[in-house]
Structure formats: structure tokens, C-alpha cells
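Make a model of the complete structure from these sequences and hints.
One letter stands for each residue in the lines below.
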Amino acid sequence: MTLANSEAAGQPRVGLFATCLVDLFRPSVGFASAKLLQQAGCEVHVPVAQTCCGQPAYNTGDRADTREIAEQVIEAFEEFDFVVAPSGSCASMLKKHYPGLFKGDAKWEERAQRFSDKCHELISFLTDVMMVRDTGAALEAKVTYHDSCSGLRELGIKQQPRKLLGNVDGVKMHEMKDSDVCCGFGGTFCVKYSDVSNAIVTKKVDNIDASGAELLLAGDLGCLMNMAGKLKRQGSDVEVRHVAEVLAGMTSQPPIAGSGK
Amino acid sequence: MELTAKHFKANASKALVDAQLQKALGNVEKGFIGKRQKSVDALPEFDALRDSSRDIKNHVLEHLDLYLEEYEAKVTASGGIVHWAETAEDARRIVLAICKKANARTVTKGKSMITEEIALNDHLEANGIEPVETDLGEYIIQLRGEHPSHIIAPAVHLNKEQVESDFRRVHTHLPEGRDLSEPVSLLSEAREVLRQRYFAADVGITGANFLVAETGSSVIVTNEGNGDLTQTLGKVHVVVASIEKIVPTLEDTSQILRVLARSATGQDMSVYTTFSTGPKRHEDPDGPDEYHVVLLDNGRSEMIGTEYQDMLRCIRCGACMNHCPVYHVVGGHAYGSVYPGPMGAVLTPSLNGIEETGQLPNASTFCGRCEEVCPMRIPLPKMMRHWREREFERNLTPSVARYGLKFWAFFAKRPKLYRFAASFGIPILSVLGGSTRRFRSMPMAGGWTRYRDLPAPEGRTFQQQWAQRETLKQEAKQ
Numbered sequence: 001m002t003l004a005n006s007e008a009a010g011q012p013r014v015g016l017f018a019t020c021l022v023d024l025f026r027p028s029v030g031f032a033s034a035k036l037l038q039q040a041g042c043e044v045h046v047p048v049a050q051t052c053c054g055q056p057a058y059n060t061g062d063r064a065d066t067r068e069i070a071e072q073v074i075e076a077f078e079e080f081d082f083v084v085a086p087s088g089s090c091a092s093m094l095k096k097h098y099p100g101l102f103k104g105d106a107k108w109e110e111r112a113q114r115f116s117d118k119c120h121e122l123i124s125f126l127t128d129v130m131m132v133r134d135t136g137a138a139l140e141a142k143v144t145y146h147d148s149c150s151g152l153r154e155l156g157i158k159q160q161p162r163k164l165l166g167n168v169d170g171v172k173m174h175e176m177k178d179s180d181v182c183c184g185f186g187g188t189f190c191v192k193y194s195d196v197s198n199a200i201v202t203k204k205v206d207n208i209d210a211s212g213a214e215l216l217l218a219g220d221l222g223c224l225m226n227m228a229g230k231l232k233r234q235g236s237d238v239e240v241r242h243v244a245e246v247l248a249g250m251t252s253q254p255p256i257a258g259s260g261k
Numbered sequence: 001m002e003l004t005a006k007h008f009k010a011n012a013s014k015a016l017v018d019a020q021l022q023k024a025l026g027n028v029e030k031g032f033i034g035k036r037q038k039s040v041d042a043l044p045e046f047d048a049l050r051d052s053s054r055d056i057k058n059h060v061l062e063h064l065d066l067y068l069e070e071y072e073a074k075v076t077a078s079g080g081i082v083h084w085a086e087t088a089e090d091a092r093r094i095v096l097a098i099c100k101k102a103n104a105r106t107v108t109k110g111k112s113m114i115t116e117e118i119a120l121n122d123h124l125e126a127n128g129i130e131p132v133e134t135d136l137g138e139y140i141i142q143l144r145g146e147h148p149s150h151i152i153a154p155a156v157h158l159n160k161e162q163v164e165s166d167f168r169r170v171h172t173h174l175p176e177g178r179d180l181s182e183p184v185s186l187l188s189e190a191r192e193v194l195r196q197r198y199f200a201a202d203v204g205i206t207g208a209n210f211l212v213a214e215t216g217s218s219v220i221v222t223n224e225g226n227g228d229l230t231q232t233l234g235k236v237h238v239v240v241a242s243i244e245k246i247v248p249t250l251e252d253t254s255q256i257l258r259v260l261a262r263s264a265t266g267q268d269m270s271v272y273t274t275f276s277t278g279p280k281r282h283e284d285p286d287g288p289d290e291y292h293v294v295l296l297d298n299g300r301s302e303m304i305g306t307e308y309q310d311m312l313r314c315i316r317c318g319a320c321m322n323h324c325p326v327y328h329v330v331g332g333h334a335y336g337s338v339y340p341g342p343m344g345a346v347l348t349p350s351l352n353g354i355e356e357t358g359q360l361p362n363a364s365t366f367c368g369r370c371e372e373v374c375p376m377r378i379p380l381p382k383m384m385r386h387w388r389e390r391e392f393e394r395n396l397t398p399s400v401a402r403y404g405l406k407f408w409a410f411f412a413k414r415p416k417l418y419r420f421a422a423s424f425g426i427p428i429l430s431v432l433g434g435s436t437r438r439f440r441s442m443p444m445a446g447g448w449t450r451y452r453d454l455p456a457p458e459g460r461t462f463q464q465q466w467a468q469r470e471t472l473k474q475e476a477k478q
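Top to bottom, those sequences are chains A and B. In this text, residue positions in the first sequence follow the numbering used here: the first is 1, and each later residue adds one. In this text, residue positions in the second sequence follow the numbering used here: the first is 1, and each later residue adds one.
Hints may contain errors.
Stated by the list, open to error - Calculated lysine-lysine pairs in the DSS-like style (CA-CA distance at most 30 Å, straight line):
id, chain 1, residue 1, chain 2, residue 2
1, A, K158, A, K142
2, A, K203, B, K30
3, B, K100, A, K107
4, B, K382, B, K14
5, B, K38, B, K23
6, A, K192, B, K9
7, B, K35, A, K158
8, B, K160, A, K95
9, B, K38, A, K203
10, B, K9, B, K160
11, B, K35, A, K203
12, B, K280, B, K74
13, B, K413, A, K192
14, A, K35, B, K477
15, A, K95, B, K413
16, A, K177, B, K23
17, A, K203, B, K382
18, B, K14, B, K160
19, A, K107, B, K413
20, B, K14, A, K177
21, A, K107, A, K142
22, B, K30, B, K413
23, B, K235, B, K74
24, B, K14, B, K30
25, B, K6, B, K280
26, A, K95, A, K107
27, A, K96, A, K35
28, A, K192, B, K406
29, B, K382, B, K406
Hint data in this document are derived by calculation from the structure and do not stem from the laboratory. Please read these numbers as outputs of a predicted model, since none were measured by experiment.
What follows is the structure, encoded as C-alpha cells:
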């Protein structure tokens, strides 16, 4: 369904795919996402039959389980005009990788494609589909932004968060060196190859520290937890948040790291 | 070289604490990335050239048999000889026979990854023929008894002090007090030493960046000119190349050349681009008396028609490794295979089987930077995932990962059970996180907490809180 159609019928109905990490570790990101979507004029629903997008299985090579999970997600979200996830990597899984799982399957191929067409990452949905320019938030902070790989390279998310952050009163952007280089999270990679992952995230936090920012933002909770965990371990004062929390003006929850060692 | 891909983790751990290596790897990041970007920015049609290069190679791979036949006919017509080698062993045998027939004692070699793949040097040495690498990087690692750690910059893992010490150790005929403190003096010395070797060589062996079907030419690109000397000074020139190096025409070659050096070193073109078509003709002032091409398959034709076919577009520019965050911290030798980095993580299992090499396609964060810079638009992460699938299907995935995943998937596929478990587990975990709201260590999560704190959950799950909020809203309405 196009936006115009759904608008004619009222507000676009958005299914919020909260992502497993947000659900389990950082509910405030879910609420911030819901608030941003509602502010943009959407009717927000959170289907209860959602767990995970299936990336851990997919990237471990377990196609059978991935497909079962994908079918479950498609069924749970099929009724909505849009499916929005506050994570580039999960959104890309739904949008870019689901259709391939059903290639050649008469029953599912088209269904998966229709589903894929209405999936979006939160920030790009706000800017590119709902045409949001200013979320009305304010925060006095020097911030830096990490471009999470899937969002950046699979969905082309680069300027969208920066534009919205640019209109948050008080936010000053301090771009870090290599903001578009992987933080070493990589899903199960970070535990399977923890030595290598550590070396990569060490470079990342060095760049974060060198940027002079006091608040690190990104759009993916996996990367955020990885960088936050490393910053914390190194005793850094840099605070870490999902960008949606700042854009929604919901920064009352303590940050993922920082403030109080 | 010995395949140690299954020891990737141990190799990587060693590399991570090797201070000299870490310093040298910094040069990969500093040098290659910026230069590539600069040369790409200066060429507005770069992406269009990538697309057409990809299309050219796809077309060739769809009709590879026809182009190979055409190529062979053209080589023969120009007086050269094409030898078909199905396996690495076949290729070694063929090259050795050519060298023996020429009564060769010394052969010079231009830089060639394919001869690394077939371990040609060891084979020649074992048969009493001395191979001399003439590419500066290859020459250095040959002195050290090492293998390339990068496909275009074989000695990128070394620093100039190491090279100086190797030169002093090996070049004992030169004055002890000579100044070798600068790269340029090292280069001059290598040039001096190698010059003598070119004249002594009976056979010159090169690889090929392209084989042109239209003309039967082999093409090499170098920055040092050593390839030209290798192939023109010996009596016999042997080209060793794999079958996917074919391009249809000279025009196609020139198109792909425009993306090759830019992707590799950020140059518009390599300093030398040399086309060889057959042996010396009557009117030619120089060139070899014999021109042989050894066409190697070594598993490649089996990739055609599979999900790995796209890998055969690779033009060996090394951009993927230059941009790979994993390569940046572990270097090329950690991969324990001839081809390192992302392209190696796809190609090595194709050549050596997934049983021994499963670590390589797993050792990637899937950040996608390799695919982003690949001039031939090879979907490297996707193909690494395919290898993981093959591994999983065949029960080769390490059991910890397999059972961990199955445990997770069991819950992920059962939303009610998942929510029930999470609604108890997460609040408990949150309380255990205490006032610091993080875990410094946690059973079963050592891979994470060895180096990072694990942020504690905020409290109840999002689903729990959302459901409660919705219920309150409903009640308020009533």
C-alpha cells in the first residue's frame, strides 16, 4: 500500500519491529521509536509474535531456521502499511535478505517481496518516507555518530541521522575519524573472534575519544553495546545512546555507558 | 605454502601482539585507502566503468569455453603454445618440463599469485632449478623464506629495517658500510643484484592480469618494469594464468585496466602495462624464442554455474583487503592460505575445500566494505555466507556455535515461550547488573566480557512494558 492510499484511509499503520536487543536490553529505544513515529503521524503497533529477525541463524549458515523465523515475522507484520525497525542491520535483514530466502517458492516469493517493500529503518523512514525534518528535540551535547555498516552500506543511511541531529537544539556534531569503519561487532563475530573484534573496537573507541565528543550515537544497538562495553572497560566518560533517544528527546534513562564508572 | 587456515584464530592472536606487524599494517590503512579514494573521486565515470567491467567478465564467464578456444587459436597462430593444466600438479609438471627442455638452471619470475597457488618455486627448487623473484616485494619475501601477505603488496607486513637486515645477510658481496637507511637505497641495491640475475636466466615466468581472446595476448601490469625484463630477456617466456583471466577484446582490456590500478594503488594506471603476443618475430629486436601459456583450472570450472561464479570476476586488485577491518588488524599471513582477506575467504574454500578452510568465511564482520570497493562488484559477504551455509549443512560448523544457535533459534521460533522466558530472565539480569548497570564478566559470555563490559538490561522487556502501557490505555478509555 502506498503512503497516499493509507493516508486517505487515515494514519499510516506502522508495525514496529523492536529488534531483540532493544526488547531485551534497551526498551527505551523502543519507546523513543514509537514516539518519533507517532509524532510523524503514524499509528504504531507492536505485534507480540516478534522475537528476532533471524540474523544470527542466517549468518551462521542455518537457512532452515532463518526461513522459519522469517515466515513468522512476515505473518506477524503483513497487515501493516509499513514495518519499521530501529536498526539498520535488522531492517536490512527484513528488506534486503528476506526475499532471497524464498526465491523460487511459489507460495512465499511474492509475499516476501511485498513484505520487503514496506520495510524501513527508523531514521530513514522518518526522513525519506514521512519527510520529517525536525523532531523538535533539544539536547546540549557534543555528539559523534558511528555509521553502522548494514545501515550504511545496505540501506544507504548516512546523511539522514545527521540532518535530523543538525536540527536538534544544542547538539554539536564532532565527526570522528573513520566513522564509517566497522566497530568490530558483527553479530556472533564479536564472540567467535573476540581477539580480532577487540582489536577493531579498540581503534574505534580511540577515534571516538579523539573526536572530543561527550556522547556517541548510532542507529544499531549491537554496535552501541559493543562500543559502550569497550568504552566502559577503558574507563572512558563518553556516554552512549541510540540516536532515536536523542531525536525523541527521551534521554531520561541513563546512557548505555558513561556517567559513573 | 602450507595451508594453515584452520588455525586462523591462533594465527590472528599471534599477529595481534606482533608490534612490528601492527605498525606495518598501519601503512595499509594509511596508504591504500586515501589514494584509492582520491583517484576514484577524480574519475566521475568510475562507477560506470565498474559496471561495464563486471558485465564484460560476466559475459566471458557465460561463454568461457568459446573464448578459451578462441584464445588458444590466436596464441597458436602467433607461434606460441598453450598447455592446459587441470590441477596445480599438472601445471607444475608442465612448467618444469618446459624449463628442463630449455636446460634451465635459473628462472626469473615476475610477480605471480598463480605460481604461489601452485607452489611452483618449491617444485623448481626440488628439481634443481633456481627460481628468482624479481618483484621487489616478492624478492624480499623469497629471501626470508616467506609467502606474500597481500596479493599486490607481498611484503606489506615488513618494515625497512627488516629488509635492510635481510639484504645485509644475503648480499654479502657488497661493502659492509653501505647506506641502506632509505627505501630508495634498498631499491637500488635490489635492482643492482637482480639485474645480474636477468641476464643469467634461461626462462622467464610471469603471471597474467588478462588474456585477450581477440589477439592471443597476455597482459601484465607492474610498477617496477621487472615483468618486462623477465619476459623479454630469457630465451623462453612461460605465462602461467588461470582460465578466468580471459577477456574478449583489447577494448575490454583497456576498460578493466581503468579500474584495476585505481582500485589497487590509487594510480590512474600502473607504470608498465605490457602486452605479449607470441615469441619474438623475425623483425623484432628482442623477445623470447619460445612463448608458452599454461592455463590452469584448479577447481575454477567447477565454480561456474554455482553461487561462487561471481568470484571468477576477481582481477586481484587487493582493494577488498586494503579496506577490510579484519585484515587491518591480523594481516595476510593469519589467513594461512595463498589468498588472504575477503577475496581469499571466498576463493580459498573453492580451491581447498571448506573442511580445512571454514574459519576464513567466518572471520568476517560482514561490514560490507569489501563489496563496496570491489571494482568488479563481487558480492563477497554474500558468498562468504554461502560458505557458512555449506559448512552448516555438512555439520562442520563448530559445535559451540551450532548448539548456541540452535538454543537461540528454539526460542526465536516460539514467540510465546520466548516472551515468557524473557519476562523472567531479563528483570533478573537487570537486578544482577546492580548499580553499575553492567557486567564485567558473565558465565558463557567470556567472548564478550574478556574485553568489554556487558551493559545490563534496563529492566523489564520492551514487550512487557508496551503491553502494560496498552492495557492502561484501554482501561482509561473504558
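Status of each hint after checking the structure:
1. K158(A) - K142(A): holds, 19 Å
2. K203(A) - K30(B): holds, 14 Å
3. K100(B) - K107(A): violated, 63 Å
4. K382(B) - K14(B): holds, 28 Å
5. K38(B) - K23(B): holds, 24 Å
6. K192(A) - K9(B): holds, 9 Å
7. K35(B) - K158(A): Between K35(B) and K158(A) the Cα gap is close to 22 Å, so the pair holds against 30 Å.
8. K160(B) - K95(A): violated, 49 Å
9. K38(B) - K203(A): holds, 23 Å
10. K9(B) - K160(B): holds, 28 Å
11. K35(B) - K203(A): holds, 21 Å
12. K280(B) - K74(B): Answer holds: K280(B) to K74(B) is near 15 Å, not above 30 Å.
13. K413(B) - K192(A): Roughly 23 Å between the alpha carbons, so the hint for K413(B) and K192(A) holds.
14. K35(A) - K477(B): Holds: K35(A) and K477(B) sit about 20 Å apart, inside 30 Å.
15. K95(A) - K413(B): holds, 20 Å
16. K177(A) - K23(B): Holds: K177(A) and K23(B) sit about 18 Å apart, inside 30 Å.
17. K203(A) - K382(B): holds, 26 Å
18. K14(B) - K160(B): Holds, because 21 Å separates the two Cα atoms, which is no more than 30 Å.
19. K107(A) - K413(B): holds, 20 Å
20. K14(B) - K177(A): Cα-Cα ~27 Å, so holds.
21. K107(A) - K142(A): Measuring from Cα to Cα gives roughly 51 Å; hence the hint is violated.
22. K30(B) - K413(B): Distance ~45 Å between K30(B) and K413(B) Cα, so the pair is violated.
23. K235(B) - K74(B): holds, 21 Å
24. K14(B) - K30(B): holds, 23 Å
25. K6(B) - K280(B): violated, 46 Å
26. K95(A) - K107(A): holds, 18 Å
27. K96(A) - K35(A): holds, 26 Å
28. K192(A) - K406(B): holds, 16 Å
29. K382(B) - K406(B): holds, 22 Å
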